[in-house]
Amino acid sequence: MTRRFVLPAGMLLLSMSQWSCAPVRVHSFTEARAEIGPAKTYAFGPDELKSTGDPRLDDNRFFTERVQQNVERELKARGYTAADRARADVLVHFHASVTQELELNDRYPNDCMPALGVSNATDRLRDCRPYVYDAGTLLIDLVDRRTNRLLWRGWAEGSMDGVLDKQEWMEERVDDAVTRIMKQLPRS
Amino acid sequence: MRRSCAAAVLTWLMCSACAPFHSGAFVDRDVNFSTYRTYTWTAAPPQADDAASASGAALAADTELRDRVMGEVERQLAARGLRGPSQKRPDLLIRYRAAVTPRLQVSTSGAPNAAPYGNCSYDCFTRVDEYETATLVLDVIDARTRKLIWRGWTRDDLKEFADSDQSAERLRKAIDDMMTKFPADERSGGRS
Numbered sequence: 001m002t003r004r005f006v007l008p009a010g011m012l013l014l015s016m017s018q019w020s021c022a023p024v025r026v027h028s029f030t031e032a033r034a035e036i037g038p039a040k041t042y043a044f045g046p047d048e049l050k051s052t053g054d055p056r057l058d059d060n061r062f063f064t065e066r067v068q069q070n071v072e073r074e075l076k077a078r079g080y081t082a083a084d085r086a087r088a089d090v091l092v093h094f095h096a097s098v099t100q101e102l103e104l105n106d107r108y109p110n111d112c113m114p115a116l117g118v119s120n121a122t123d124r125l126r127d128c129r130p131y132v133y134d135a136g137t138l139l140i141d142l143v144d145r146r147t148n149r150l151l152w153r154g155w156a157e158g159s160m161d162g163v164l165d166k167q168e169w170m171e172e173r174v175d176d177a178v179t180r181i182m183k184q185l186p187r188s
Numbered sequence: 189m190r191r192s193c194a195a196a197v198l199t200w201l202m203c204s205a206c207a208p209f210h211s212g213a214f215v216d217r218d219v220n221f222s223t224y225r226t227y228t229w230t231a232a233p234p235q236a237d238d239a240a241s242a243s244g245a246a247l248a249a250d251t252e253l254r255d256r257v258m259g260e261v262e263r264q265l266a267a268r269g270l271r272g273p274s275q276k277r278p279d280l281l282i283r284y285r286a287a288v289t290p291r292l293q294v295s296t297s298g299a300p301n302a303a304p305y306g307n308c309s310y311d312c313f314t315r316v317d318e319y320e321t322a323t324l325v326l327d328v329i330d331a332r333t334r335k336l337i338w339r340g341w342t343r344d345d346l347k348e349f350a351d352s353d354q355s356a357e358r359l360r361k362a363i364d365d366m367m368t369k370f371p372a373d374e375r376s377g378g379r380s
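Those sequence lines, one after another, are chains A and B.
Note that my numbering gives residue 114 to position 114 of the first sequence, counting from 1, and the numbers run on in steps of one.
Just add 188 to the spot in the second sequence (first one is 1) and you have my numbering.
Treat the hints as calculated values from the structure; they're not laboratory data.
Just so you know, not all the hints are guaranteed correct.
Cut-off 25 Å, straight-line C-alpha distance, at most; resulting in silico cross-link-like pairs (DSS-like, lysine-lysine) [said to hold, decoys possible]:
| no. | chain 1 | residue 1 | chain 2 | residue 2 |
| --- | --- | --- | --- | --- |
| 1 | B | K369 | B | K335 |
| 2 | A | K166 | B | K335 |
| 3 | A | K50 | B | K361 |
If the Cβ cut is set under 10 Å, some of the chain B residues that face chain A in the computed set are [what the hints assert, rightly or not]:
| no. | residue |
| --- | --- |
| 4 | F214 |
| 5 | S241 |
| 6 | V288 |
| 7 | T314 |
| 8 | V325 |
Label-pair restraints from in silico Cβ distances [to be verified]:
| no. | chain 1 | residue 1 | chain 2 | residue 2 | range |
| --- | --- | --- | --- | --- | --- |
| 9 | A | F29 | B | R283 | 47 to 53 Å |
| 10 | B | A249 | A | R61 | 25 to 31 Å |
| 11 | B | V219 | A | P186 | 35 to 41 Å |
| 12 | B | V219 | A | E31 | 21 to 27 Å |
| 13 | B | D218 | A | L150 | 30 to 36 Å |
| 14 | A | T147 | B | T230 | 46 to 52 Å |
| 15 | A | R73 | B | K335 | 33 to 39 Å |
All figures in this text were calculated on a predicted structure; none of them were measured in a lab.
Virtual Cβ for every residue (Gly too), placed ideally from N, Cα, C.
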């Protein structure tokens, strides 16, 4: 009974520790001539059936609706109101992608620690072995519906290792990423 | 921090290698699954990625795999009280997709007398190998609303999806494991 509990708990902790390895980085870009201006009306652009790089995420309603809910909440908090797609001032597009990244190490071998998981008294020793991880990017665009010009782009990048293994973990990651991306949107 | 992170990642990779396969599910928590009675199969929309590699195209066209998957899923659905495949106004539409994803694996080897887990300090070398994983995605769609209400998935090394008898058993177990995530049906004794 104890072993049945310990193993899943250990895996959960390991998975969570991986998330913290590669922190989520958030960036944004505002078109120089674009006017974010006063709060406007918005709608989501048509679904784009682009491949995400992970079959579990392709055409996944649970993911897209979670992103939409978070974006809507953040836009409404900034005074935006929902509108019909044909009349909205701003169309929101988003896309996610997952790619495997190889993390290399450029330390001199003498600086590397000798054994995996064995703490060494000398702080300078490090595990120098390269490792691979799933890197995810979530990108959100605000586009002027009339001119089709990109007004603003925000995106988050970070490790997705294990995130898609459980629905709750995916939802937590989406909530966090979208909130942080949308914080970059200039206040009107 | 960096050392502990790398250790965690490597440990996770080693644990993943021990696991026979990997499966999970997404579910619409607002749906009452006990109201569904019948189902039928529907084709999954084509994905550009599926034909991008030779092995992906081969997997998508593998009729033997398709028969195994459909047979096992039907058996599991029947055990949950669902009747089908039924062409007469089914409650649920079921579709599956088998996709191949290229992956990288990093391994470090040391001297023959090195401790377990490939520990080494100086006389070690690291290699990066490419391999392919097969992901089986099973979608359950409400036929009336056309909404995806459940997605199950199972993932394994592609070579394990080959057509030997041993792999057939492995595939069956993988699907069974995935289907344990399908919401419980009170009609079949609460199996979940």
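Here is what the structure says about each hint:
| no. | hint | in the structure |
| --- | --- | --- |
| 1 | B/K369 - B/K335 | 19 Å, holds |
| 2 | A/K166 - B/K335 | 20 Å, holds |
| 3 | A/K50 - B/K361 | 31 Å, violated |
| 4 | F214 | 4 Å, holds |
| 5 | S241 | 13 Å, violated |
| 6 | V288 | 9 Å, holds |
| 7 | T314 | 6 Å, holds |
| 8 | V325 | 5 Å, holds |
| 9 | A/F29 - B/R283: 47 to 53 Å | 38 Å, violated |
| 10 | B/A249 - A/R61: 25 to 31 Å | 27 Å, holds |
| 11 | B/V219 - A/P186: 35 to 41 Å | 39 Å, holds |
| 12 | B/V219 - A/E31: 21 to 27 Å | 41 Å, violated |
| 13 | B/D218 - A/L150: 30 to 36 Å | 35 Å, holds |
| 14 | A/T147 - B/T230: 46 to 52 Å | 39 Å, violated |
| 15 | A/R73 - B/K335: 33 to 39 Å | 21 Å, violated |
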